[in-house]
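2 protein chains.
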Amino acid sequence: MAYNIPKLSPHPKTFLRDTGIRSTPTPKDFETFFYTQTLDHFNYRPESYTTFKQRYVINWKYWGGANASAPIFAYLGEEGSLDYDLAGIGFLRENAPRFKALQVFIEHRFYGQSVPFGSIEEAMKNHNIRGYFSSVQAITDYAEVLMYLKKTLSTPNSPIIVIGGSYGGMLASWFRLKYPHIALGALASSAPILYFDDITPQNGYYSVVTKDFKEVSENCYNTIKMSWSEIDKIASKPNGLSILSKKFKTCELLNKSSDLKDYLDSIYCGAAQYDHPPRYPVTQVCGGIDGASEGTDILDRIFAGMIGLVGNQSCYDMSQDYDPSESEWGWQTCSEMVIPIGRGSNDTMFPSEPFDLKQYSEDCKNIFGVSPRPHWVTTYYGGYHIKLGLHRFASNIIFSNGLRDPYSSGGVLEDISDTVLAVHTLNGSHCLDILPAKESDPQWLVMQRKKEVEIIEGWIKQYYADLLAFKKSIEEHV
Amino acid sequence: MAYNIPKLSPHPKTFLRDTGIRSTPTPKDFETFFYTQTLDHFNYRPESYTTFKQRYVINWKYWGGANASAPIFAYLGEEGSLDYDLAGIGFLRENAPRFKALQVFIEHRFYGQSVPFGSIEEAMKNHNIRGYFSSVQAITDYAEVLMYLKKTLSTPNSPIIVIGGSYGGMLASWFRLKYPHIALGALASSAPILYFDDITPQNGYYSVVTKDFKEVSENCYNTIKMSWSEIDKIASKPNGLSILSKKFKTCELLNKSSDLKDYLDSIYCGAAQYDHPPRYPVTQVCGGIDGASEGTDILDRIFAGMIGLVGNQSCYDMSQDYDPSESEWGWQTCSEMVIPIGRGSNDTMFPSEPFDLKQYSEDCKNIFGVSPRPHWVTTYYGGYHIKLGLHRFASNIIFSNGLRDPYSSGGVLEDISDTVLAVHTLNGSHCLDILPAKESDPQWLVMQRKKEVEIIEGWIKQYYADLLAFKKSIEEHV
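The listed protein sequences derive, respectively, from chains A and B.
Be aware that the first sequence starts at 1, since it is given in the UniProt record's numbering, and climbs by one per residue.
Be aware that the second sequence starts at 1, since it is given in the UniProt record's numbering, and climbs by one per residue.
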């Protein structure tokens with residue numbers, strides 16, 4: 001399980017059908033463009049000057065225009081195609097009318113339609129192309145696109161608010177830190193920017209998963225906790241894998257018990273990470289477990305929990321079709337984004353599996369031919385003692401989190417200053433605040449979004465006042 | 001004169017003998033180290049992982065040690081060998097005792113002993129090696145060395161103040177902006193960070209040179225202003241170059257009149273840029289011009305001005321031995337550091353020579369095979385509307401300037417906030433504040449340095465208070 005890193009994204013495929021995002025058609029009023037982007041911003045080798053087409057999408061509908069220096073909301077793409085975001089992110093379109101904001105969505109290099117030189121398969125196979133696939137290049141792409149846009153739209157004074165979720169949320173906060181002259185502020189939703197090096201305890205992620213389940217049901221938690229050794233016990237029997245395959249209705253005979261355990265792991269982690277109202281997947285899992293008829297054995301109850309979440313199917317596909325060498329995010333975690341998620345013995349409801357940097361690096365090297373740089377993120381972006389370092393530097397960042405999201409363990413949960421703020425909800429989950437608002441949303445979620453909007457409104461108001469004073473002082477000087 | 005860019009450095013060779021820097025032996029108490037530096041911080045191509053040896057030098061003498069979290073003064077090398085800086089920069093050693101500071105000097109990649117893969121000649125010839133020669137890579141080198149040092153010295157809480165002059169001053173201010181988690185503050189001496197794109201008028205540099213001369217002597221200014229057409233007039237005569245060669249005692253017969261004009265240009269610019277007390281080179285030049293016996297013609301007076309500065313020599317070498325393709329700084333200005341210095345007609349005492357970006361780019365492309373990226377510096381580091389952008393972001397930077405320094409025209413001359421401060425002197429010149437203090441220093445210079453030291457002292461005091469409060473609040477939480 002060297003790569004058992006839950007996918008950092010607001011829209012993992014598993015949960016798409018539950019949120020109905022995939023079935024939503026791309027909204028109208030969007031226009032697609034391609035920017036001729038520089039492959040390598042940082043070097044001056046002849047190859048660095050190569051360009052590729054980067055997709056960005058604009059919705060003009062509510063924009064107040066250049067004469068009013070009306071704001072620009074820029075969604076910074078995360079590790080996925082922009083296709084999902086256009087419909088799947090609610091924050092921009094829901095708040096654009098209030099702000100008269102232009103909506104811009106920019107796709108992350110190497111995803112969707114923004115892959116350099118042809119198909120992603122080719123790009124991922126070529127170590128010289130793949131080598132330009134990094135967050136630092138990506139936020140610099142965003143810088144170029146946004147500067148180009150302001151110039152092209154002749155709107156030099158429009159304030160830009162960058163918005164992102166999960167990995168994209170990290171990018172948004174880092175963008176404000178590195179490019180304050182381009183973005184006035186950032187909304188970083190569920191951005192685990194402290195889950196690097198040893199800033200956050202390795203078991204942060206799984207500790208929150210565990211807490212989520214325990215809070216819903218002590219019995220559910222205990223059942224899961226006991227289940228792992230039960231699986232091992234059966235697996236070690238002759239014919240054990242066959243027994244497990246039958247018990248869990250796997251589509252194909254299990255090759256190894258770890259396939260089952262990984263599957264269950266992803267069920268629990270996914271449920272916790274996306275423990276959204278009104279379904280509350282953790283409650284669904286525990287409902288299955290707790291509701292299983294008394295006297296059924298542990299694994300029957302686990303199976304009932306699984307069905308509680310994913311529903312009745314003729315069989316369950318537990319084959320591990322994940323090939324890190326073909327996974328874009330796999331590459332990112334094996335080069336720059338080393339997020340050390342692990343578990344000790346008995347500090348979560350999961351079996352022990354400490355993060356082993358040495359082994360991890362070797363695995364990555366074997367897969368991709370180059371070693372990760374595990375200290376790079378804290379060198380380039382910082383992270384250690386973040387409050388000490390930033391409370392007299394930086395401004396205008398919202399770190400929003402839902403504390404039921406396991407990634408919140410690596411998030412910023414405490415205000416850093418008057419304008420670098422932590423906005424979190426006890427019952428929120430991964431990226432919930434930027435997903436589309438629903439009628440059924442609970443009051444705490446409505447309030448969280450309202451708070452975020454008011455903070456951003458404050459930044460923009462202040463900015464316009466500064467702009468006016470600034471212009472006046474220039475005029476007075478002349 | 002496509003490359004007539006006055007060398008951005010605290011120690012141009014021409015003036016070394018005047019300041020006596022070259023003859024000063026390297027101070028004792030310095031220890032030299034080499035850091036195994038990553039060639040390419042930003043990409044993950046196999047080649048990116050190549051390493052080279054980067055020189056840094058430490059003076060431990062006054063350091064208060066890790067237990068006291070005593071400060072670190074880090075001098076960020078500019079476009080030259082560190083050899084000159086160790087003796088030539090006074091600020092660190094003069095203030096280290098007061099702060100109990102560790103003194104660290106780090107050499108810029110591709111200079112001195114920090115050239116990747118052998119000699120600078122080889123590195124400059126190879127476009128794939130030279131391509132990694134940029135300011136962004138360089139400040140990231142500094143980030144790595146400083147983080148490594150803090151770790152190795154077990155002094156995680158030592159505040160770091162970065163210091164640099166000229167191009168190195170730009171690096172210092174940019175370092176604080178990009179790596180606030182590593183440097184607590186920056187002293188950026190004579191850093192023309194606004195001399196990019198069209199933020200500063202092209203003629204800023206030559207306007208200040210002109211002002212310097214005019215202030216010293218109206219007659220001197222007029223003589224210089226008239227001399228260019230006089231040179232052209234003579235040069236256009238049959239035998240004209242021979243006449244000029246004789247008049248200016250050139251070591252070899254002039255090939256073209258522009259060699260003479262370039263030489264004089266560099267005399268005037270150098271005199272203005274390094275118009276240091278107690279010699280005041282501009283006064284020396286004008287002393288020669290104004291002191292020439294009445295009735296002598298314009299060019300005799302120009303020659304007398306030249307001698308006023310450089311002294312009597314048997315002949316004067318005006319051959320242009322500057323080959324941009326072999327110049328490290330030439331490369332930097334032809335890739336990343338595009339500083340558009342030009343002159344209109346009649347807006348300075350020099351002949352018209354507008355900066356022509358198109359021509360400049362073509363020349364660079366012809367020389368180096370790649371085109372400059374003239375908008376990169378303002379994209380990556382910012383610069384436009386710097387006060388609007390940074391007055392509520394960033395802290396702890398001193399932009400020091402001497403207003404007789406032509407580069408001050410591209411400097412930050414107005415306070416940006418309470419902690420991003422402009423400290424300038426009317427009569428100061430290039431990097432004067434960080435050069436070694438002398439008994440003869442005028443009071444305004446003594447006061448400028450005192451002010452800088454007190455500001456830095458304030459930052460450090462504040463930091464220690466924050467650190468204490470921060471530790472306390474952690475202890476209270478535990």
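Rather than coming from a laboratory, the hints here were simulated on the basis of the structure.
Just to be clear, a hint being listed does not mean it is correct.
Since the list gives no way to pick out one identical chain from another, each pair is judged satisfied if it fits inside one copy or across any two copies.
Simulated crosslink set (DSS-like; lysine-lysine; CA at most 30 Å straight-line) [said to hold, decoys possible]:
(1) K249 - K237
(2) K125 - K233
(3) K387 - K100
(4) K246 - K125
Hints versus structure:
no. : hint        : in the structure
1   : K249 - K237 : within (18 Å within a copy, 101 Å between copies)
2   : K125 - K233 : neither (40 Å within a copy, 66 Å between copies)
3   : K387 - K100 : between (33 Å within a copy, 26 Å between copies)
4   : K246 - K125 : neither (38 Å within a copy, 67 Å between copies)
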